[in-house]
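Going down the list, the sequences are from chains A and B.
With the first letter of the first sequence counted as 1, position 243 gets the number 243 in the numbering used here; the numbers rise by one all the way through.
With the first letter of the second sequence counted as 1, position 281 gets the number 281 in the numbering used here; the numbers rise by one all the way through.
Careful: at least some of the hints might be erroneous.
Any copy will do: because identical chains look the same in the list, a pair fits if it lies in one copy or spans two.
[Unchecked claim] Below, computed lysine-lysine pairings styled on DSS-like, alpha-carbon distance capped at 27 Å:
| no. | residue 1 | residue 2 |
| --- | --- | --- |
| 1 | K266 | K382 |
| 2 | K38 | K386 |
| 3 | K273 | K285 |
| 4 | K85 | K108 |
| 5 | K326 | K38 |
| 6 | K385 | K38 |
| 7 | K108 | K386 |
| 8 | K234 | K139 |
| 9 | K85 | K385 |
| 10 | K186 | K385 |
| 11 | K139 | K52 |
| 12 | K85 | K326 |
| 13 | K379 | K38 |
| 14 | K42 | K326 |
| 15 | K386 | K42 |
| 16 | K52 | K381 |
FYI, nobody ran anything at the bench for these hints, they're computed from the structure.
Number of protein chains: 2
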Amino acid sequence: MIYFDNGATTFPKPRSVVNAVERTMRYYGANPGRSGHKMSLKASEIMYDCRKNAAEFFNADSPENIVFAYNCTTALNFVIKGILKEGDHAVISSLEHNAVLRPLESMKENGVEYSIADYSPDDEETIDNFRNAIRPNTKLVICTHASNVFGVKLPVERIAALCRIHGVLFCVDAAQTAGVVPISLKDSCIDFLCTAGHKGLYGPMGTGILAINSEILPESLIQGGTGSFSSDRKQPSILPDRYESGTPNLPGIAGLNEGIKFVMKKTERNIEKYESDLALRLYQKLKKIPGVLLYTDSPKPHRSVPVISFNIDGLDSEETSTILDKRFNIAVRAGLHCAPLAHEFFGTQDSGTVRTVLSVFSTREQVDYFASSIMTINKFKKELKKVAIDI
Amino acid sequence: MIYFDNGATTFPKPRSVVNAVERTMRYYGANPGRSGHKMSLKASEIMYDCRKNAAEFFNADSPENIVFAYNCTTALNFVIKGILKEGDHAVISSLEHNAVLRPLESMKENGVEYSIADYSPDDEETIDNFRNAIRPNTKLVICTHASNVFGVKLPVERIAALCRIHGVLFCVDAAQTAGVVPISLKDSCIDFLCTAGHKGLYGPMGTGILAINSEILPESLIQGGTGSFSSDRKQPSILPDRYESGTPNLPGIAGLNEGIKFVMKKTERNIEKYESDLALRLYQKLKKIPGVLLYTDSPKPHRSVPVISFNIDGLDSEETSTILDKRFNIAVRAGLHCAPLAHEFFGTQDSGTVRTVLSVFSTREQVDYFASSIMTINKFKKELKKVAIDI
């Protein structure tokens, strides 16, 4: 199967990642940070090593500033729910995922409001939109680093600086960019970075990261045993214990550690270059097919990540993806991609889109086969429509 | 290494569990419930199969009543934070873990109060204590099924019935009992059951379950993309999507599924019998050693789970566990076990305890070696004390 659904999760994973998960389950499967015996200490070491590598990777202050979470959504909830209180206001971009939108929507009941600053392909305009959306009671700005549907990037470093000037905390959702676009926390005004461990960082599903670059800390959303200060009924206030309650996903974190090391070895610059070149090739080939609708300009490094959304005129996005799966053995995602605002912005709220996302394991041959498959589908769409309906 | 730290997490895991994790990572590593291609459908099937087996295991209404969470702590937070509002009162037992205590403590700021009903070895007294603690504004009772430190069981079915009579919701923390003590939701008045996937269910760390047996549903604590109703800014209200936001721990859940199947095949009755016999053997051997302090009566099936806490007179619990690790290659946990109330109740808040927890992989030979090691430590404690200090 040709897997171009890397926006949902990357596949395959590097061999080192799979091996680390397996090794941890077979040999080091004790609970980290709870007991003092050698297997538990080994488990703690694995956790710490991943924290250290993640801190180095994002250029965070210290390993303790790396918090492990179930997924990026949970990390975002930690920030949003931990910072915003009754009477507060938040600003988000018009490309946000439901992982940002739904927590904020739920907080309306608690007297928290939010505004949407429109994305524009012109960075100046985007910055203006954010500036205009900030109010005296704005406490937090949350912005995706790049759209999970259309791949376009937002100038998060500039928005972060704008927020710092206005005394507003800034959180970036780097789910689609970590591992592809370099981020240096120490060199930016980003306060909180949330990301998935299982996408561009090539870790297993069930891993997310909240990297903290702020003195102001969100209140904890989930409290429980931390293996520290056990006699205290209050959640410890120190990092990372403040946010890490209960048993962590040790095998997942062991895998994530290898994923981060894999990306560090390849370097994000090289990954970005490789994937951008492939994405451009794909875009140009799709662009030449008359019935194909594309929604963005040609992908450019520094302006977008290798995510391309399209449709074939006369076919639903779901039909196209079903035909790709059944007849061409190609995996993509279709429909709405948990980001209704982004679809509204690009006018695809009714049609959805077929989304292709590349990874370091994608090849030119796969891209060419994909493009020729789309050409075939476009040519025989009437006949192939039945394939989709028959299922 | 002899691993008697199964209260923290069980080790080893059944081979089928490790294999399922590895297989999922290697062959079915797509995001479940997001895309429509065959690999994603296979991933969804794995999730559903685990839900189905867990529902059957706990005798829940339907697979949808099984919610996957990061760990038991998260599941407990989902219930506690999702049910209790300002002005509400909760009741907990005196044996609760910090996973219950700390969320409640944090909610004091939001005007939520809680009372503690004392555990008693006499069930009638325990029931009386719970009855007396219930107030007109009591909305939720949370009770551990068995103490994670001392192994003693609480009569949760009876407390559940009491709660139903008083119109109070009841949540059981089955972290230490699921997989050892049978629980049938349909036959009980338990509204919410929270448990870890990586203890008696033999799944990987990073898995927890919230099983719902109530028409009244907690509000969701974490919102985000669910792969369903994507155009809706509100979190879906249906189960399990209501509580499952973002990418789940698919490899972990695949492993958990095999763990549950492993327990179902062995049957909990047989597991309970096997572990109780071993625990009794261990208890009796320890009891004969003059310097050993035990805190509970002899373990009995239906009255306790195979968790034994003890100390050696003249040694800190940490010292004993360090000596066990360094000199005898035995893994146990020492200190306070994230359950300060339980330690207060048994008078071990200063000393902590050495905790041994058995699993189906524990053997009589291990128990005998363990007991003889304790005998040796007790005999040469002055000399061995140095071992602990030297580290």
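Verification of the hints:
no.	hint	in the structure
1	K266 <-> K382	neither (44 Å within a copy, 54 Å between copies)
2	K38 <-> K386	between (60 Å within a copy, 18 Å between copies)
3	K273 <-> K285	within (18 Å within a copy, 66 Å between copies)
4	K85 <-> K108	both (10 Å within a copy, 16 Å between copies)
5	K326 <-> K38	between (50 Å within a copy, 8 Å between copies)
6	K385 <-> K38	between (60 Å within a copy, 18 Å between copies)
7	K108 <-> K386	neither (44 Å within a copy, 60 Å between copies)
8	K234 <-> K139	both (26 Å within a copy, 22 Å between copies)
9	K85 <-> K385	neither (50 Å within a copy, 52 Å between copies)
10	K186 <-> K385	neither (52 Å within a copy, 46 Å between copies)
11	K139 <-> K52	neither (30 Å within a copy, 43 Å between copies)
12	K85 <-> K326	neither (49 Å within a copy, 50 Å between copies)
13	K379 <-> K38	between (63 Å within a copy, 24 Å between copies)
14	K42 <-> K326	between (45 Å within a copy, 14 Å between copies)
15	K386 <-> K42	between (56 Å within a copy, 23 Å between copies)
16	K52 <-> K381	neither (51 Å within a copy, 39 Å between copies)
When held up to the earlier numbered hints, the structure conflicts with 1, 7, 9, 10, 11, 12, 16 and fits the remainder.
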